[in-house]
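Student: To get my numbering, take the position in the sequence shown, counting from 1, and add 27.
Everything labelled a hint here was simulated from the structure, so no lab data went into it.
Hints are supplied without guarantee of correctness; some may be wrong.
[Said to hold, decoys possible] DSSO-like, lysine-lysine: derived pairs with alpha carbons at most 27 angstroms apart:
1) Lys-442 - Lys-302
2) Lys-442 - Lys-456
3) Lys-137 - Lys-155
4) Lys-302 - Lys-409
5) Lys-290 - Lys-384
6) Lys-275 - Lys-409
7) Lys-226 - Lys-275
8) Lys-442 - Lys-452
9) Lys-456 - Lys-431
10) Lys-438 - Lys-458
11) Lys-456 - Lys-438
12) Lys-384 - Lys-409
13) Lys-442 - Lys-409
14) Lys-220 - Lys-187
15) Lys-302 - Lys-456
16) Lys-384 - Lys-431
17) Lys-187 - Lys-137
18) Lys-220 - Lys-169
19) Lys-384 - Lys-248
20) Lys-431 - Lys-442
21) Lys-409 - Lys-452
22) Lys-220 - Lys-302
23) Lys-169 - Lys-290
24) Lys-302 - Lys-290
25) Lys-364 - Lys-353
26) Lys-354 - Lys-275
27) Lys-409 - Lys-458
28) Lys-384 - Lys-275
29) Lys-354 - Lys-458
30) Lys-155 - Lys-169
31) Lys-220 - Lys-32
32) Lys-275 - Lys-248
33) Lys-354 - Lys-448
34) Lys-187 - Lys-169
35) Lys-302 - Lys-431
36) Lys-384 - Lys-438
37) Lys-431 - Lys-458
38) Lys-438 - Lys-409
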Amino acid sequence: MAKKKTIYICTNCGHNSVQWAGRCPTCNEWGTLQEEIVTNSKGSIPKKIEKHTPVILSQVRSENREERIRTGISEFDRVLGGGFVYGSVVLIGGDPGIGKSTLLLQAAAKLTTSSLYISGEESQYQIKSRAERLGIKSDKIKIFSGTDVDEVVSVAGIEKPGLIIVDSIQTIYSPELDNSPGTVTQIRECTMKLMQFAKTTNIPVVLIGHITKEGFLAGPKALEHIVDAVLHFEGEKNNFYRILRANKNRFGSTNEIGIFEMKSDGLIEVDNPSKIFLNQTEQHSSGSSVTAMIEGTRPILIEVQALVTPAHYSNPQRVTTGFDQKKLSILLAVLEKRADIMLSGHNVFINVAGGIKIDEPAADLAVCIAITSSFRDVVVSKDTLIIGEIGLGGELRAVSNIEKRVTEAVKLGFKNIVLPKNNIKALEKIKGCALHPVVNLEQAVNMLVRG
């Protein structure tokens, strides 16, 4: 007779323990051990092991090596690396109501092949209502409401669609296990069965995953290792814009992002994201500067806002939105040491407009200029683009992809480009703007925000 026992599995590293603990002894994370029930069957007949022989690498068949299934949504295809790879498993996570199901339903409607939408959370009528709201009237989408993974695999094997969408993986369960749906064991085993089906049939599978309150994908960390690509759908409910980015992609780059706008009739692609991140009003106040960042192969112009106020307490505040707070502390120290801008008695607030995050050093100079502009209450010209990485000595270092950044700025009407002197040689063919090379931070401050 099968015996049941209780163990505790860490959702972060997969460590097993017979006793619960507040902290995982392997990865040292707190509150990650979850109770699981496992069954041990003694005397069971072992399964017959299939014999496989190794194959020489040069003799491996490369089927569909260059072919991909394009969704017809260019922003989605960009993040995937050109579309869905045959037999791949893609995991998409995001906050509730962010638009994950909407995006995949729109993508399924534009596919040239048939799609099977597995719904474990909504009824067929609810999905039909959403499709009508989005204006989708495709006969190529088939809906199946079920949560049994064996039944899902059986239906998919009979239908043989071009794409399978599972909404969501946390609701799917295996009847062979006694655990509840959404537990570590259920998620891992169901994902493995779906992955095995995808690899054997060459049908791509998309899994929608829930996230925790900390912003991480719910379930074991092994889930992200099993799948081929992990995509995150980001955005705020009070903001119409959504950003799709790849945290893992075995078949493409993880630097690309896709930008969408949420409207009443669904998600609309944003062809020129620079316009949505720039100030569209005529009023232009101090503490604002514009820089250019690179996301994958795409240049994006963004506005950096700074507010400097006198501190009434001994410890001034350093608050950032979309920018690394530790990097801000370094830049403030360089400003005081190299440019004689004393900010130790002032609060400094940094905001990157549009909800985007800056994670490259090319925006260092723009942040420093925005801070100095607010501190001295001097307005930076609205048609000026500021690019440059700042070293600890106050020197400006060359940045990569400078030609793409400047070309995008010229298209949007920027007339003045402030950049490191070492980048000037790469811009000899650029016309339509004035280039202002600078050597160090002090020179840039005196040029743009002279007090």
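Student: Hint by hint, note whether the structure agrees.
Tutor: Each hint, compared with the structure:
Of the supplied pair hints, the one linking Lys-442 and Lys-302 holds, its CA atoms being roughly 16 angstroms apart against a limit of 27 angstroms. Of the pairs offered as hints, the one joining Lys-442 and Lys-456 holds, with about 15 angstroms between alpha carbons and a cut-off of 27 angstroms not exceeded. Our distance criterion of 27 angstroms between C-alpha atoms is met by Lys-137 and Lys-155, whose separation comes to about 16 angstroms. Distance hint between Lys-302 and Lys-409 is fulfilled; the C-alpha atoms sit about 14 angstroms from each other, no more than 27 angstroms.
With a CA separation close to 23 angstroms, the supplied pair Lys-290 and Lys-384 stays within the 27 angstroms bound. Restraint check for Lys-275 and Lys-409: not satisfied, since their Cα atoms lie roughly 37 angstroms apart, outside the 27 angstroms limit. With a CA separation close to 18 angstroms, the supplied pair Lys-226 and Lys-275 stays within the 27 angstroms bound. Note on Lys-442 and Lys-452: the hinted pairing holds, with a Cα-Cα distance of about 18 angstroms set against a maximum of 27 angstroms.
Taken as a hint, the Lys-456 and Lys-431 pair is honoured in the structure, with Cα atoms around 12 angstroms apart against an allowance of 27 angstroms. Distance hint between Lys-438 and Lys-458 is fulfilled; the C-alpha atoms sit about 11 angstroms from each other, no more than 27 angstroms. Of the supplied pair hints, the one linking Lys-456 and Lys-438 holds, its CA atoms being roughly 15 angstroms apart against a limit of 27 angstroms. In summary, the hint linking Lys-384 to Lys-409 is supported, as the alpha carbons are separated by about 22 angstroms, within the 27 angstroms threshold.
Between the alpha carbons of Lys-442 and Lys-409 the distance comes to roughly 9 angstroms, so the proposed pair stays at or under 27 angstroms and holds. For the given pair, Lys-220 sits about 16 angstroms from Lys-187 by alpha-carbon distance, which is consistent with the 27 angstroms threshold. Between the alpha carbons of Lys-302 and Lys-456 the distance comes to roughly 25 angstroms, so the proposed pair stays at or under 27 angstroms and holds. For a cut-off of 27 angstroms, the pair hint linking Lys-384 to Lys-431 stands: about 19 angstroms separates their Cα positions.
Between Lys-187 and Lys-137 the CA atoms are separated by roughly 18 angstroms; this keeps the pair inside 27 angstroms, and the hint holds. Distance hint between Lys-220 and Lys-169 is fulfilled; the C-alpha atoms sit about 21 angstroms from each other, no more than 27 angstroms. About 24 angstroms separates the Cα atoms of Lys-384 and Lys-248, which keeps this hinted pair within 27 angstroms; it holds. For the suggested pair Lys-431 and Lys-442, the alpha carbons sit about 16 angstroms apart, so the restraint of at most 27 angstroms is met.
With a C-alpha separation of about 25 angstroms, the suggested pairing of Lys-409 with Lys-452 holds against the 27 angstroms cut-off. In summary, the hint linking Lys-220 to Lys-302 is not supported, as the alpha carbons are separated by about 44 angstroms, beyond the 27 angstroms threshold. With a CA separation close to 25 angstroms, the supplied pair Lys-169 and Lys-290 stays within the 27 angstroms bound. For the suggested pair Lys-302 and Lys-290, the alpha carbons sit about 18 angstroms apart, so the restraint of at most 27 angstroms is met.
About 17 angstroms separates the Cα atoms of Lys-364 and Lys-353, which keeps this hinted pair within 27 angstroms; it holds. Under the criterion of a C-alpha separation no larger than 27 angstroms, the hint pairing Lys-354 with Lys-275 is consistent with the structure, at around 25 angstroms. Between Lys-409 and Lys-458 the CA atoms are separated by roughly 19 angstroms; this keeps the pair inside 27 angstroms, and the hint holds. Using a Cα cut-off of 27 angstroms, the hinted pair Lys-384 and Lys-275 holds, with the two alpha carbons roughly 18 angstroms apart.
Restraint check for Lys-354 and Lys-458: the C-alpha separation of about 34 angstroms exceeds 27 angstroms, so the hint is violated. In summary, the hint linking Lys-155 to Lys-169 is supported, as the alpha carbons are separated by about 11 angstroms, within the 27 angstroms threshold. Restraint check for Lys-220 and Lys-32: satisfied, since their Cα atoms lie roughly 24 angstroms apart, inside the 27 angstroms limit. A distance of roughly 13 angstroms separates the Cα atoms of Lys-275 and Lys-248; the hinted pair therefore holds under the 27 angstroms criterion.
For a cut-off of 27 angstroms, the pair hint linking Lys-354 to Lys-448 stands: about 23 angstroms separates their Cα positions. Between Lys-187 and Lys-169 the CA atoms are separated by roughly 11 angstroms; this keeps the pair inside 27 angstroms, and the hint holds. Of the pairs offered as hints, the one joining Lys-302 and Lys-431 holds, with about 16 angstroms between alpha carbons and a cut-off of 27 angstroms not exceeded. Simply put, Lys-384 and Lys-438 have alpha-carbon atoms about 23 angstroms apart, close enough for the 27 angstroms limit, and the pair holds.
Pair hint Lys-431 plus Lys-458 holds up; C-alpha atoms about 13 angstroms apart against a cutoff of 27 angstroms. Restraint check: the Cα-Cα separation between Lys-438 and Lys-409 comes to about 15 angstroms, which is no more than 27 angstroms; the hinted pair holds.
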